[in-house]
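Asker: First to last, the sequence lines map onto chains A and B. So the first sequence is numbered by the working numbering: it starts at 1 and just counts up by one. So the second sequence is numbered by the working numbering: it starts at 1 and just counts up by one.
Hints were generated in silico from the structure; no laboratory data involved. Hints may be right or wrong, so weigh each one.
[Said to hold, decoys possible] 30 Å max Cα-Cα, derived DSBU-like pairs, lysine-lysine:
hint: 1; chain 1: B; residue 1: 403; chain 2: A; residue 2: 35
hint: 2; chain 1: B; residue 1: 75; chain 2: A; residue 2: 35
hint: 3; chain 1: A; residue 1: 99; chain 2: A; residue 2: 35
hint: 4; chain 1: B; residue 1: 75; chain 2: B; residue 2: 92
hint: 5; chain 1: B; residue 1: 416; chain 2: A; residue 2: 59
hint: 6; chain 1: B; residue 1: 365; chain 2: B; residue 2: 416
hint: 7; chain 1: A; residue 1: 59; chain 2: A; residue 2: 99
hint: 8; chain 1: B; residue 1: 416; chain 2: B; residue 2: 403
hint: 9; chain 1: A; residue 1: 196; chain 2: B; residue 2: 92
hint: 10; chain 1: A; residue 1: 196; chain 2: B; residue 2: 8
hint: 11; chain 1: B; residue 1: 416; chain 2: A; residue 2: 35
hint: 12; chain 1: A; residue 1: 35; chain 2: B; residue 2: 371
hint: 13; chain 1: A; residue 1: 35; chain 2: B; residue 2: 92
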Amino acid sequence: MTQPFAPIPRLVGTAVHVPGDDIDTDRIIPARYMKVVTFDGLGAHAFHDERFTADGGSKGHPLDDPRHAGASVLLSGRNFGCGSSREHAPQALLRFGIKGILATSFAEIFFGNCTTLGIVCARVDEATIRALADLVHVDPQAQVTIDVEGEVVRVGAQAWPAQIPASAREAFLTGRYDPLATLQARADAVRATAAKLPYLGWR
Amino acid sequence: MPRTLFHKVWDAHTVGTLPDGRTQLFVGLHLVHEVTSPQAFAALDELGLPVAYPQCTVATVDHIVPTDDTARPLKDPLAEAMLAALERNTAKHGIAFHAAGQDHQGIVHIIGPELGLTQPGMTVACGDSHTSTHGAFGAIALGIGTSQVRDVLATQTIALEPLRVRRVEISGALGPGVYAKDVALHVIRTLGVNGGVGFAYEFAGDVVDAMSMEERMTLCNMSIEGGARVGYVNPDDTTFAFLRGRPHAPQGEDWEAAVTWWRSLASDADAVYDDVVHLDGSAIAPTVTWGINPGQALGIDEPIPSADDVPAADRGTWQEALAHMSLQPGVPLAGTRVDVAFIGSCTNGRLSDLRAVAAAVKGHKVAPGVKALVVPGSWEVAREAEAEGIAQVLQEAGFEWRKPGCSMCLAMNPDKLVGDQLCASSSNRNFKGRQGSATGRTVLMSPVMVAAAAVTGQVADARQVFGLQGGAA
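Work out the full structure: start from the sequences and follow the hints.
Answerer: This is how it looks when you write it as structure tokens:
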């Protein structure tokens, strides 16, 4: 049985702004890099076609801006992570070094995938994204804190409200964001549920 | 208390509530393909866990299979490694596997219903966002991530937040040349690409009642493009007629019991919804996308929106879309030159799609310079299309007739756009780079509209090209 992971009451790191709405998972990890049987090495291809020209030259994407090297918080817009359910997208971001995402909204499957991996996704309003983007533009080394417990984002003395759904918040605070152990612990209840489903006997 | 189908099925599959408040939900049918499963099987091996309910999982290969030369080993060593991993994993864990080129191999969302595996009242999960397709049968069907694939393999359950239910009622009747795909694009365009986040969409109304199962699958397939992880249609006689006699459908006495149970699951007439939306099906025109997400769509007669037509919040995406697509605002999309025409995918790769295309293109020829391909969704679709003479009609018209697979929908196989080619596509996503070239351009539309684009070499109104009765003048 798997063990609970370390709780994540807060996340602290530098941030990088990747502007845009409806950034889809094809953009986060183009399908051709999914021809793999492990998630290792996906980090290098995060946002590949946004970052590199066809011949491999840099397009000067924010993720490649040396001032933001080592950033662990990603700032973006509305409906972040829409489209394909590919977990390769959050896996690529995680392996790139992203541990938290602040956006005005998230696509549902992407949000769930992130939570399971311990990537904190918090909703903030557009003005907050603008303020944070301006701030880290001026001071790329500014330490951004996502306070999971207090549902607030802080930089120095400044603070902005953030929203994390209750279940995800609870999962981070207890270190049970990967639910496998909890699901496994209820095998008897699973059997009882299955026994009541008429269709399992029809096959 | 009156309930929706969603609540009835959800409750029947609820194992319990987890400490974080999420529901532990039993998964009745788990579908597996080669792209999102290898890491899940590896995690299982690492933990030394068996597959808890191997009889509830069915696998096939679809994303990476070439649609021309499927000889083993596959020419692409990465694709071969993925296929070999799936063969190994399914054999090791005693999971049914529909192998490439055999019997019932095909796109996972096409073979599930075809085999009668997908049934009303089930929960269906697959590491693929277009799992919503199976909701056409009155199932709760949803896409999951690879960690959840692992959870299903290990426990046959997933942890999930309950969804709210929005009834999308489409009244009236569709005009000639207007198909389920147009309805799907119209819904997304109207409610937005993120309008469905947190919702299950219950599709209902005269238009949906009149749809065949294949049309309902097309509609539910694209729920996720509107942000809704789940889309469904209440089961009715159309559903039961489709299922009867299929290999995995209940037989004999079980069939009668099944139909009784299935009927009882439909949403009660006085069920309360979290939201209800009414759309007029008679007002839907053949719909095409002009941008880089499926909500950037318009009727074929409408101009591409100008800055003034776009709310300030959407203007950034609007600008990005026009730049990527090399299109001008204020003019119709009709007349835009097309390089590639693609008919297929889990959205529109079924027999009825190919029948409609064949009926339209008979006597027409693919325009010079257009690469046109038809990719049946499964071997069963391919066999039936060949037996009916559909394949021959398409080939005579100049379309390439390929072997089943996901093909050019997502370009994980040799079928890809090159450079900034523009593709008239019956698939489901027009994201930047989706069809395999970072600068490639995708215009989503119904299969018959793709056929019209193929034979004219440009985006065109199929009603005019093929003289579909009652079409716009």
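Asker: It remains to establish, for every hint, whether it holds in the given structure.
Answerer: Hints, verified against the model:
no., hint, in the structure
1, 403/B <-> 35/A, "holds (20 Å)"
2, 75/B <-> 35/A, "holds (13 Å)"
3, 99/A <-> 35/A, "holds (24 Å)"
4, 75/B <-> 92/B, "holds (25 Å)"
5, 416/B <-> 59/A, "holds (23 Å)"
6, 365/B <-> 416/B, "holds (23 Å)"
7, 59/A <-> 99/A, "holds (24 Å)"
8, 416/B <-> 403/B, "holds (15 Å)"
9, 196/A <-> 92/B, "holds (29 Å)"
10, 196/A <-> 8/B, "holds (13 Å)"
11, 416/B <-> 35/A, "holds (15 Å)"
12, 35/A <-> 371/B, "holds (26 Å)"
13, 35/A <-> 92/B, "holds (22 Å)"
When the structure is compared with the earlier hints, no violation turns up for any of them.
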